[in-house]
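> Protein chains in written order, with this note's numbering: chain A, 19 to 95; chain B, 19 to 95; chain C, 19 to 95; chain D, 19 to 95; chain E, 19 to 95; chain F, 19 to 95; chain G, 19 to 95.
One or more of the hints may lead you astray.
Pairs of lysine-lysine residues, derived as DSSO-like cross-links and limited to a Cα-Cα distance of at most 27 Å, are as follows [said to hold, decoys possible]: (1) A/K38 with B/K78; (2) B/K44 with A/K47; (3) C/K78 with C/K38; (4) F/K78 with G/K37.
Some chain G residues well away from chain F (every beta-carbon gap over 12 Å; in silico) [stated by the list, open to error]: (5) L49; (6) V63; (7) E69; (8) R70; (9) V75; (10) R85; (11) G86; (12) A94.
Here are the in silico distance ranges between beta carbons for each label pair [as the list claims (entries may be wrong)]: (13) F/H33 with C/Q48: 29 to 37 Å; (14) D/E95 with G/Q25: 39 to 47 Å; (15) A/R35 with D/G36: 54 to 62 Å.
Simulated from the structure, these hints should not be mistaken for lab results.
Even glycine gets a Cβ: it sits at the ideal position worked out from N, Cα and C.
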Amino acid sequence: MEENTTQRPLDALNHARGKKVIVELKNHKQLVGSLKAFDIHINTVLDDAEERVDGEVKRKLGTIFIRGDAIVLISAE
Amino acid sequence: MEENTTQRPLDALNHARGKKVIVELKNHKQLVGSLKAFDIHINTVLDDAEERVDGEVKRKLGTIFIRGDAIVLISAE
Amino acid sequence: MEENTTQRPLDALNHARGKKVIVELKNHKQLVGSLKAFDIHINTVLDDAEERVDGEVKRKLGTIFIRGDAIVLISAE
Amino acid sequence: MEENTTQRPLDALNHARGKKVIVELKNHKQLVGSLKAFDIHINTVLDDAEERVDGEVKRKLGTIFIRGDAIVLISAE
Amino acid sequence: MEENTTQRPLDALNHARGKKVIVELKNHKQLVGSLKAFDIHINTVLDDAEERVDGEVKRKLGTIFIRGDAIVLISAE
Amino acid sequence: MEENTTQRPLDALNHARGKKVIVELKNHKQLVGSLKAFDIHINTVLDDAEERVDGEVKRKLGTIFIRGDAIVLISAE
Amino acid sequence: MEENTTQRPLDALNHARGKKVIVELKNHKQLVGSLKAFDIHINTVLDDAEERVDGEVKRKLGTIFIRGDAIVLISAE
């Protein structure tokens with residue numbers, strides 16, 4: 019349907035590398051930061067991460083490692 | 019029973035590629051978007067995604083990556 | 019004990035292919051539809067699916083893909 | 019300690035094949051029926067199944083497929 | 019530190035075979051019975067099992083199969 | 019950074035073998051006992067185990083087998 | 019985008035070895051300590067660990083082993 023389509027989910031995630039993303043967790047927290055790294059388990063590292071509640075910064079966290087199974091979704095900010 | 023039957027679940031999902039789908043999550047959220055990609059874990063990428071609550075758009079999310087184990091079901095819109 | 023016994027659970031599920039089934043989910047929802055496909059993870063596709071609450075149709079969903087680990091049981095309607 | 023001991027759990031389950039069993043689920047429901055089939059994941063098929071609440075039949079379900087990970091225990095009726 | 023130490027957890031469980039044990043479940047129930055069999059998933063079979071609540075027998079269950087992932091711990095009675 | 023560093027988590031756990039440890043469970047219970055054995059799933063056996071609530075001994079349990087996935091953390095007493 | 023980028027999440031975690039980290043658990047507890055060891059399951063060992071509630075030290079725990087699947091995220095203090 020499209021030329022040059024991303025076929026696999028991890029490819030799409032790879033396009034977000036180095037960009038600002040929002041990570042939503044199963045515990046309902048939102049983490050915002052620059053997507054540094056991820057693996058096939060979706061273990062994810064964010065740089066300059068912040069925890070947000072209702073759009074407001076609650077805590078600055080620096081570089082964080084998130085265990086993949088705690089994640090619901092990752093979107094571009 | 020039917021000719022030309024889709025035999026495997028992921029084949030059915032493949033037919034929805036590029037089409038608008040509703041993804042229901044274990045955390046009770048609904049995400050609507052164009053099905054861009056998925057894998058055997060049902061890790062899923064939607065384009066032009068929106069979060070909906072009671073049929074109303076709550077947030078526009080753009081392209082999102084959803085971790086498969088957070089998903090309950092995927093239906094055509 | 020019986021002649022011609024189905025020995026494996028997925029064989030029993032296979033006998034329901036093309037028939038109307040009720041799928042009960044861990045989130046307590048009931049989905050009713052024609053069993054189109056399933057795999058060893060019990061990822062399941064229903065055609066003409068409906069969500070029911072207390073026996074009443076709540077939503078018509080068309081063809082749906084259900085992630086296996088969200089399922090508690092599948093019965094014939 | 020005993021002669022002719024069943025050594026493995028699935029052997030014990032196999033002895034119940036064709037007999038009436040009670041399956042207790044993680045969602046606190048009780049299902050009663052004739053044990054038709056099971057596999058190493060404890061995916062289980064019951065014939066003539068009923069859902070019981072406090073010892074009373076709530077629903078007759080016929081032949082049902084239960085996903086193994088929804089099960090807590092299986093006992094003889 | 020000790021001579022003749024049991025090195026592996028399943029060895030310790032094996033020493034309890036044929037003895038009366040208490041199995042505590044994730045759903046907070048306690049099952050008491052004679053440990054008949056277990057496997058590497060901790061799927062467990064008890065003979066002469068009883069369900070206990072606050073130390074009192076609530077139900078007699080006979081021989082039961084318990085799915086391993088429902089279990090928190092197993093102790094000698 | 020340190021000489022003679024323990025590099026792997028299970029090595030650290032191995033240093034606690036034969037010593038008194040506190041095991042905290044996902045169900046919020048605390049078990050205290052002598053660490054007898056563990057495996058790669060963190061299935062763990064304690065000798066002379068006690069259940070504690072708010073630092074007080076609630077029950078004496080003797081030798082217990084704990085299923086690894088019920089465990090949050092293990093610390094030295 | 020950056021030279022000398024850490025590509026894999028466990029590499030980032032490795033950079034924190036020997037440094038003070040905050041580990042947030044699925045049970046909402048926070049553990050602070052020096053990151054001694056971790057493995058591919060994110061089983062993690064902290065030295066000089068403390069449990070904190072709302073930024074205050076609640077308990078001193080010494081060296082602790084944390085089961086990986088109990089962890090949500092790890093950040094630098």
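> Decide, hint by hint, whether the structure agrees.
Each hint tested on the structure:
1. A/K38 with B/K78: The hint holds at about 16 Å.
2. B/K44 with A/K47: At roughly 15 Å apart (the allowed maximum being 27 Å), A/K47 and B/K44 satisfy the hint.
3. C/K78 with C/K38: holds, 15 Å
4. F/K78 with G/K37: violated, 38 Å
5. L49: violated, 8 Å
6. V63: violated, 4 Å
7. E69: With a cut-off of 12 Å, G/E69 comes too close to chain F, as the shortest Cβ separation is near 9 Å.
8. R70: Its Cβ never comes within 12 Å of chain F, the nearest being 14 Å, so this holds.
9. V75: It holds; G/V75 is separated from chain F by about 15 Å at its closest Cβ, greater than 12 Å.
10. R85: violated, 5 Å
11. G86: Not fine: 8 Å to the nearest Cβ puts G/G86 too close to chain F.
12. A94: Consistent with the label, G/A94 stays out of reach of chain F, its closest Cβ about 15 Å off (over 12 Å).
13. F/H33 with C/Q48: 29 to 37 Å: violated, 52 Å
14. D/E95 with G/Q25: 39 to 47 Å: Since D/E95 and G/Q25 have Cβ atoms about 57 Å apart, the given range 39 to 47 Å is violated.
15. A/R35 with D/G36: 54 to 62 Å: Check passed, 57 Å falls within 54 to 62 Å.
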